[in-house]
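From first to last, the protein sequence lines are chains A and B.
Heads up, the first sequence is in the numbering used here, so the first residue is 1 and it goes up one at a time.
Heads up, the second sequence is in the numbering used here, so the first residue is 1 and it goes up one at a time.
For the record, the hints were derived by calculation from the structure and aren't laboratory data.
Be aware that one or more of the hints could be misleading.
Identical chains blur together in the list; that is why a pair holds if it fits in one copy or across any two.
Derived pair list, reagent style BS3-like, types lysine-lysine, alpha-carbon separation capped at 30 Å [claimed, not checked]:
no.	residue 1	residue 2
1	108	235
2	349	235
3	235	278
4	364	278
5	12	109
6	279	364
7	461	342
8	462	109
9	40	2
10	349	278
11	173	63
12	173	46
13	290	349
14	261	364
15	279	349
16	2	278
What follows is the residue order along each chain.
There are 2 protein chains.
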Amino acid sequence: MKEVQEYLNNNKERFLEELLDFLRIPSVSADPAFNHDVAKTAEFVKDKLIAAGAENVEVCPTKGHPIVYGDKIIDPSLPTVLVYGHYDVQPPDPLDLWESGPFEPVIKKTETHPQGAIYARGACDDKGQAYMHIKAFEGMLATQNLPCNIKFMIEGEEEVGSYHLGDFCRANKERLACDVILVSDTSIIANDVPSITTGLRGLSYIEVEVTGANRDLHSGVYGGAVANPINVLSKMIASLHDENNHITIPGFYDDVEVVSKEERTAMNEAPFNLNHYKKDLDIDDIHGEKGFTTVERTSIRPTLDCNGIWGGYIGEGAKTVLPSKAFAKISMRLVPHQNSDKITALFQKHFESIAPDSVRVVVKPHHGGEAAVTPTNTPEYLAAHKAMEATFGKAPIPARSGGSIPIVALFEEVLEVKTVLMGFGLDSDAIHSPNERFGLFNYYKGIETIPYFYKYYAELKK
Amino acid sequence: MKEVQEYLNNNKERFLEELLDFLRIPSVSADPAFNHDVAKTAEFVKDKLIAAGAENVEVCPTKGHPIVYGDKIIDPSLPTVLVYGHYDVQPPDPLDLWESGPFEPVIKKTETHPQGAIYARGACDDKGQAYMHIKAFEGMLATQNLPCNIKFMIEGEEEVGSYHLGDFCRANKERLACDVILVSDTSIIANDVPSITTGLRGLSYIEVEVTGANRDLHSGVYGGAVANPINVLSKMIASLHDENNHITIPGFYDDVEVVSKEERTAMNEAPFNLNHYKKDLDIDDIHGEKGFTTVERTSIRPTLDCNGIWGGYIGEGAKTVLPSKAFAKISMRLVPHQNSDKITALFQKHFESIAPDSVRVVVKPHHGGEAAVTPTNTPEYLAAHKAMEATFGKAPIPARSGGSIPIVALFEEVLEVKTVLMGFGLDSDAIHSPNERFGLFNYYKGIETIPYFYKYYAELKK
Chain A
1 MKEVQEYLNN NKERFLEELL DFLRIPSVSA DPAFNHDVAK TAEFVKDKLI AAGAENVEVC
61 PTKGHPIVYG DKIIDPSLPT VLVYGHYDVQ PPDPLDLWES GPFEPVIKKT ETHPQGAIYA
121 RGACDDKGQA YMHIKAFEGM LATQNLPCNI KFMIEGEEEV GSYHLGDFCR ANKERLACDV
181 ILVSDTSIIA NDVPSITTGL RGLSYIEVEV TGANRDLHSG VYGGAVANPI NVLSKMIASL
241 HDENNHITIP GFYDDVEVVS KEERTAMNEA PFNLNHYKKD LDIDDIHGEK GFTTVERTSI
301 RPTLDCNGIW GGYIGEGAKT VLPSKAFAKI SMRLVPHQNS DKITALFQKH FESIAPDSVR
361 VVVKPHHGGE AAVTPTNTPE YLAAHKAMEA TFGKAPIPAR SGGSIPIVAL FEEVLEVKTV
421 LMGFGLDSDA IHSPNERFGL FNYYKGIETI PYFYKYYAEL KK
Chain B
1 MKEVQEYLNN NKERFLEELL DFLRIPSVSA DPAFNHDVAK TAEFVKDKLI AAGAENVEVC
61 PTKGHPIVYG DKIIDPSLPT VLVYGHYDVQ PPDPLDLWES GPFEPVIKKT ETHPQGAIYA
121 RGACDDKGQA YMHIKAFEGM LATQNLPCNI KFMIEGEEEV GSYHLGDFCR ANKERLACDV
181 ILVSDTSIIA NDVPSITTGL RGLSYIEVEV TGANRDLHSG VYGGAVANPI NVLSKMIASL
241 HDENNHITIP GFYDDVEVVS KEERTAMNEA PFNLNHYKKD LDIDDIHGEK GFTTVERTSI
301 RPTLDCNGIW GGYIGEGAKT VLPSKAFAKI SMRLVPHQNS DKITALFQKH FESIAPDSVR
361 VVVKPHHGGE AAVTPTNTPE YLAAHKAMEA TFGKAPIPAR SGGSIPIVAL FEEVLEVKTV
421 LMGFGLDSDA IHSPNERFGL FNYYKGIETI PYFYKYYAEL KK
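Bound conformation, chain A alone:
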């Protein structure tokens, strides 16, 4: 291990430069305008896997964005780790809130990251975290210290719902055969409070369109007599939560996992300071489902949020228009046992049922994914635990995350393998937001920790 860590340490500067190059390619998977850049990014990943020593490296086409595969089988009798990550990123909007270009990475020191952080879209989610694995692999291989076989599967559609990953896994079951899937796409509680993610929420993402009249109207001539789709949509959205902030869709809570009192107590003992939380977000009050704490609301409870809304005149100045249409993007975070297809169907049925006759509603499901809970008594969990303990100097806390990585449930179903979620970001790293960043501490700590995972995993699997 000493030899590996020396190698990694001696190449830090280069590892950073390479990541910055990776971040400069705007691989926005949601917007077809970036298709060329997404393809270029896949080639970048391929080249870097080859340079690190991977074999059978291939940019595998799908019906959407390609998946990059590569492996290094050193001994079929050793355990095999499949590293999953994604090279696509969220759209950078709103652009005007970025302090520097989203695809022009800069390094700046902050209160949270006194050693500096890389500011760029994808720095943390997930280019930075995926690249840690390629560099740790390079170090282990270069120093002949790779104790497991390794496979890489780096996809380009995670931010749009991993549309084609399921088909790819089903078609490549043999090629992807492994003992465990290792993913760094989550966060730790703080740089001095390491944690391992043991739960993820599922997702149901929907777009709705409300149409009133067949054309935009003059609000003076028709206002007050013809349904205004913005007002109607607002009313429909408002009705999706009751006065206790419970979601009102019939059947929505039917399958929600009931978390034991013990787990809820343990969960609420993790370090959390409500005043710091409010100060960091600059809010006077929190807001959520009655009967649950902030930690619970963001982990074991399902939610419904509008992610976007638009309609009518949204330019400068005033326009007295009664618009024909209004739209919203609405997503629900789901918890274990809630099925995303079922929830999507419940939403659709309910949303259509509450529309007045004066409008027409179209509900268009975007994508979904299932929640997941990972056990803490498996060799892979223990290997991650020991690895983090070795590099952070303290035992990591098991923690449920509010985010969704639907592929965890997919891998369990299709590849029949458990996933370990050993992420190194921070919740405050503004992933999906302007000024996304990834601490240099976190990037290097990840690269340092990963070889320990392989070491302990190989030992525990013996």
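Place chain B on chain A using the hints.
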């Protein structure tokens, strides 16, 4: 009169070509990107007034867009008519719904306009209607048949609330002195049902901004625990109407004019076919305040409509963002006795009071204007009545309009003169909407009718 009408008839082709040139300049007053074009349009109006024979023509600067003035005083003892119109237009958005370019006028025949209509932004509102007056003036002057003095005041800020017109009128009281103000910026009920507008609604236009956290957040990490400004804004907007579609702002109805049973009965006897109305708009049901008919809802009752809403991710695909901000443009149409400043203040106070502690709200008043009712027993109303009767072959109906021309109240206050609203558009002409149009029948009928107004007005004022 025969001579005038012959002149007008002989120059129809040229009158149309000139209007099309006028329509080709994109004079969008709301958007600073068009400032240069707005200025160019003022110059166009100036040139055309000079060409028609007006004197003292001047592009008068204001702190916003300029006002074009011109006059022709033939005899100080004759009555003076001040023609008001506006050369600015509404923004053309949404552009993708236009069948032809908003500033590339084309002539097409339709069911409503079997003789053809000019499709362009501003065709009806108000370039087409304002230009009728310049051409009628040209005809009267060229044939030495102008029976009154005439003054023109064509402004460039009507669509953004006539911000600087009040100051201009106050500063130019002498120059604008007149006996009546003549405006064509309203509609007739149908091409075979002429009408004169006797009432206009006032307006209060407001923009609101709701802020949750200080940055866009990941909806998985923070969703369910931090207020979502889109959901909150939706709830706030929804609460502005009760289950009977009454507006819930305290004090909102306090000053609303109570219209007599007789007037309501007469109003509802005007031709109106609900099935045609629904079919034209392609809606299954109408929607409005309980206890009032469609005709009443769009004339004698105040309303509240969202004219625009936006927040979060509104691009292609999906983004799981919990946005920092959401916005809406909200306007209220007011009826006689409601004061727009008072209503704006009531809205602001109420909207701020219903915001939960988890968000911050900014309410920004845009502009307002007062409602107006014009008497039907004045020389100017009777002149308009007789003029329309002469050219349409039937008596026009007095009709209250749902729209707002706040300058009518302004003129009464500052210039102490009544306005007559003799418009020639149709409600179905899609003003403020894509594919705005103005019938050739209507354009030429306006040019034909205007000289009769001058004739009868001069006679009645003798």
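How would you label the pair residue 279, residue 364 (within, between, both, or neither) given a Cα cut-off of 30 Å?
-> between (37 Å within a copy, 26 Å between copies)
Using 30 Å as the alpha-carbon threshold, which applies to residue 12 and residue 109: within, between, both, or neither?
-> within (18 Å within a copy, 72 Å between copies)
Residue 290 and residue 349: within-copy, between-copy, both or neither at 30 Å Cα = both (26 Å within a copy, 28 Å between copies)
Alpha-carbon proximity context of residue 173 and residue 46, limit 30 Å = Only inside one copy: residue 173 and residue 46 sit 21 Å apart there, 77 Å across copies, limit 30 Å.
Residue 349 and residue 278: within-copy, between-copy, both or neither at 30 Å Cα | Close across copies (26 Å), not inside one copy (36 Å); limit 30 Å.
How would you label the pair residue 349, residue 235 (within, between, both, or neither) given a Cα cut-off of 30 Å?
-> both (17 Å within a copy, 21 Å between copies)
Indicate which option fits the pair residue 461, residue 342 if close means a Cα-Cα distance not exceeding 30 Å: within, between, both or neither.
-> Answer is neither: 38 Å inside a copy and 76 Å across each miss the 30 Å cutoff.
Indicate which option fits the pair residue 261, residue 364 if close means a Cα-Cα distance not exceeding 30 Å: within, between, both or neither.
-> neither (38 Å within a copy, 48 Å between copies)
Which holds for residue 40 with residue 2 at a C-alpha limit of 30 Å: within a copy, between copies, both or neither?
-> Neither: 36 Å inside a copy, 75 Å across copies.
Is it within, between, both or neither when you check residue 279 against residue 349 at 30 Å Cα-Cα?
-> between (40 Å within a copy, 27 Å between copies)
Homomeric proximity label, residue 108 with residue 235: Cα distance no greater than 30 Å = neither (44 Å within a copy, 39 Å between copies)
Intra- versus inter-subunit Cα pairing at 30 Å for residue 462 with residue 109 | neither (43 Å within a copy, 84 Å between copies)
In terms of the numbered hints stated before, the structure departs from hints 1, 7, 8, 9, 14 and 16, listed from lowest to highest.
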